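Residue numbers (my numbering), protein chains in the order written: chain A, 1 to 235; chain B, 236 to 527.
Because the hints were derived from the structure by calculation, they are not lab data.
If you're wondering where the values come from, they're calculated on a predicted model, not measured in any experiment.
Errors might be hidden in some of the hints.
Short derived list, chain A residues pointing at chain B, Cβ under 10 Å [said to hold, decoys possible]:
no., residue
1, MET36
2, TRP48
3, ALA56
4, ASP65
5, LEU66
6, PHE68
7, LEU70
8, ARG71
9, LEU78
10, PRO82
11, GLY85
12, ALA86
13, SER114
14, LEU115
15, TRP163
Pairwise CB distance ranges, derived in the manner of DEER restraints [to be verified]:
no., chain 1, residue 1, chain 2, residue 2, range
16, B, LEU514, A, LEU209, 52 to 58 Å
17, A, PRO49, B, LEU422, 37 to 43 Å
18, A, LYS112, B, PHE508, 43 to 49 Å
19, B, ASN375, A, ALA62, 47 to 53 Å
20, B, LEU322, A, GLU201, 55 to 61 Å
21, A, GLY167, B, GLN464, 39 to 45 Å
22, A, GLU37, B, LEU519, 51 to 57 Å
23, B, ARG329, A, GLY51, 30 to 36 Å
24, A, GLU37, B, GLY326, 22 to 28 Å
25, B, GLY326, A, PRO49, 48 to 54 Å
26, B, LEU306, A, GLY109, 50 to 56 Å
27, B, GLY326, A, ILE46, 29 to 35 Å
28, B, ASN376, A, ASP65, 38 to 44 Å
25 Å max Cα-Cα, derived DMTMM-like pairs, lysine to aspartate or glutamate [stated by the list, open to error]:
no., chain 1, residue 1, chain 2, residue 2
29, A, LYS95, A, GLU143
30, B, LYS415, A, GLU201
31, A, LYS112, B, ASP285
32, A, LYS158, A, GLU143
33, B, LYS415, A, ASP193
34, B, LYS415, A, ASP135
35, B, LYS415, A, ASP74
36, A, LYS112, A, ASP149
37, A, LYS158, A, ASP176
38, B, LYS334, A, ASP67
39, A, LYS186, A, GLU166
40, B, LYS334, A, ASP116
For each residue, glycine too, the CB sits at the ideal point set by N, CA and C.
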Amino acid sequence: MHPAVHHLDGQILAGDLLAVVGPNGGGKSTLLKGLMEEIRPLGGKITWPQGRPQLAYLPQRARLDLDFPLRVADFVSLGHWPRRGAFSTIRAVDKQAVDQALNEVGLAGFGKRSLDSLSGGQLQRVLFARLLLEDAPLILLDEPFAAVDAATTEDLLKLIKHWQKEGRTLIAVLHDLHQVRNHFPKCLLLARDVLGMGKTESVLTSANLAKARKVQVLADPLAPICDFDEAEEQA
Amino acid sequence: MIDWAYQALLAPFIDFGFMRRALVGCIALSVSATPVGVFLMLRRMSLTGDAIAHALLPGAAIGYMVAGLSLGAMTLGGLIAGWIVALLSGGLARITVLKEDANLAVFYLLSLSLGVLLVSTQSRNIDLLHLLFGSVLALNNEALILLAGIATITLILLAVFLRPLILECLDPDFLRRHSKVGTTTHLVFLALVVLNLVAGFQALGTLMAVGIMILPATAARFWARQLDQLLLVALSLALLGCWLGLLMSWHLDLPTGPAIILVLGSLHIFSLFVGRDGLLKRWLHPNKHLKS
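Bound-form chain A, shown alone:
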């Protein structure tokens, strides 16, 4: 078997703002899916000292049917799902919260527009508004700024920092190293193996990045069986 990630051993503390970087195919999305328990680890385990918190997730490319005739406000109000579920009524306070969320992502007054009228950046803001309503203590973002312009990125970064100040834990998969250095205090460099985890400046060193570039992320069918665990036991 070719696991997408192996030998990852680390801990994420509550309130962390962690960037996950690494080459395509390095296992970043796989790690997030593991955290969401959508896939089970082939080996090892993920433990939650205080129980698995409620988590919100922004996928890399949301599989949305944008032709669906729905208003932006109705879409954002789906963020109430964790509290209202499939069947409870959306109340007046919930509607106010939707307006407020749209306001915070810079889309005040967009509630009545239809989903198919939004640009790529506006759609990303709408998805952030829905995340905001989900009000989860742990937020996973998979390439939140791919295909989004600079102004939108700046606004959404502010929102992310604000979430951290509120005490939420954030894990974001990113590619822009400059952005990671400027905004994310902690970083995980992943290329199937962990090349570094901890303070961003100590992880994103030129030596580590050169190593990441050399890692063969395509599964090699002739690769020898990994004896990492046995070697460790002998040591």
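For this one, chain A is given, so just place chain B on it according to the hints.
Coordinates of chain B only, in the frame set by chain A:
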């Protein structure tokens, strides 16, 4: 003039009980089948309805062979046959290489041929026409109660499952992350499709039943841009189509089921050209755009 309009548009319903019954049946059918059709269209399952409608035939035929021209037996038979085909198609798609549409094609053809075979073994072939084309002008009390009952169940279930139903189509991953109602929702929806097709074939026959589901929905798409508007416009078009179709069948002495579906089809073509998002607007104002 007023007298002429009265004679043309209202008199048949005021003078004849069976026309009134037909109208009431059609209203019940429109209220219940049209919203189901809107969701079929939005879920890109328009042809699924058509296939399942054909699959009802052997069930209805077996019901007829067992109990004669009995509403209950034929309805139950149709329900069971439709259910089997819908569940087999969906279930096999999850465990084999064939996708749901291919499975559906296989099983509805099997079901349809079995149905025609069963009906043809009966001596009186007139009944085949009954099954294929329905009998909206001969709806008795039982049939009306059945149509109204199905409409009630449909509206209640659609209202309860509205949110997961929208989400399953719009953002299935979000639904899967947050809730386990996805599969239930899909099954409930399929059940509603079968139920409404069974209701439709009492009135319009197996071949035409799907028309009153899909045509108002597709026509409404040219007028409405939001789900709530879409549902209302589709319902209005369905009611208009039934009323005009019944009148056309009355005045020109034509079979009723096809007349209603033809009127609904004409409404679709009218909307295709004249509707808010129709072709005419695009041809007339190809380059107009808003200032900001």
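Verification of the supplied hints:
1. MET36: At 7 Å from the nearest chain B Cβ, MET36 of chain A passes the 10 Å test, so the hint holds.
2. TRP48: 17 Å, violated
3. ALA56: 9 Å, holds
4. ASP65: 5 Å, holds
5. LEU66: Nearest chain B Cβ about 8 Å off; hint holds.
6. PHE68: Holds, about 4 Å.
7. LEU70: Interface hint status for LEU70 of chain A: holds (6 Å vs cutoff 10 Å).
8. ARG71: Since the shortest Cβ distance to chain B is 6 Å, the answer is holds.
9. LEU78: 7 Å, holds
10. PRO82: 7 Å, holds
11. GLY85: 7 Å, holds
12. ALA86: 5 Å, holds
13. SER114: 6 Å, holds
14. LEU115: Nearest chain B Cβ about 8 Å off; hint holds.
15. TRP163: 19 Å, violated
16. B:LEU514 to A:LEU209: 52 to 58 Å: Because 56 Å falls inside the window, the suggested range holds.
17. A:PRO49 to B:LEU422: 37 to 43 Å: With Cβ atoms ~39 Å apart, the hint holds.
18. A:LYS112 to B:PHE508: 43 to 49 Å: Because 28 Å falls outside the window, the suggested range is violated.
19. B:ASN375 to A:ALA62: 47 to 53 Å: 52 Å, holds
20. B:LEU322 to A:GLU201: 55 to 61 Å: Holds - the Cβ-Cβ distance for LEU322 of chain B and GLU201 of chain A, about 58 Å, lies within 55 to 61 Å.
21. A:GLY167 to B:GLN464: 39 to 45 Å: Distance hint for GLY167 of chain A, GLN464 of chain B holds at roughly 42 Å.
22. A:GLU37 to B:LEU519: 51 to 57 Å: Since the Cβ atoms of GLU37 of chain A and LEU519 of chain B sit about 55 Å apart, the hinted range of 51 to 57 Å holds.
23. B:ARG329 to A:GLY51: 30 to 36 Å: 32 Å, holds
24. A:GLU37 to B:GLY326: 22 to 28 Å: Given about 26 Å between the Cβ atoms, the range holds.
25. B:GLY326 to A:PRO49: 48 to 54 Å: 41 Å, violated
26. B:LEU306 to A:GLY109: 50 to 56 Å: 54 Å, holds
27. B:GLY326 to A:ILE46: 29 to 35 Å: With Cβ atoms ~33 Å apart, the hint holds.
28. B:ASN376 to A:ASP65: 38 to 44 Å: For ASP65 of chain A against ASN376 of chain B, whose Cβ atoms are near 43 Å apart, the range 38 to 44 Å holds.
29. A:LYS95 to A:GLU143: 29 Å, violated
30. B:LYS415 to A:GLU201: 42 Å, violated
31. A:LYS112 to B:ASP285: Roughly 35 Å between the alpha carbons, so the hint for LYS112 of chain A and ASP285 of chain B is violated.
32. A:LYS158 to A:GLU143: 16 Å, holds
33. B:LYS415 to A:ASP193: Given pair LYS415 of chain B, ASP193 of chain A is violated - Cα atoms ~34 Å apart, limit 25 Å.
34. B:LYS415 to A:ASP135: 20 Å, holds
35. B:LYS415 to A:ASP74: 21 Å, holds
36. A:LYS112 to A:ASP149: Given that 25 Å is the threshold and the Cα spacing comes to 24 Å, the pair holds.
37. A:LYS158 to A:ASP176: 16 Å, holds
38. B:LYS334 to A:ASP67: 23 Å, holds
39. A:LYS186 to A:GLU166: Holds: LYS186 of chain A and GLU166 of chain A sit about 17 Å apart, inside 25 Å.
40. B:LYS334 to A:ASP116: Distance of about 28 Å is beyond 25 Å: violated.
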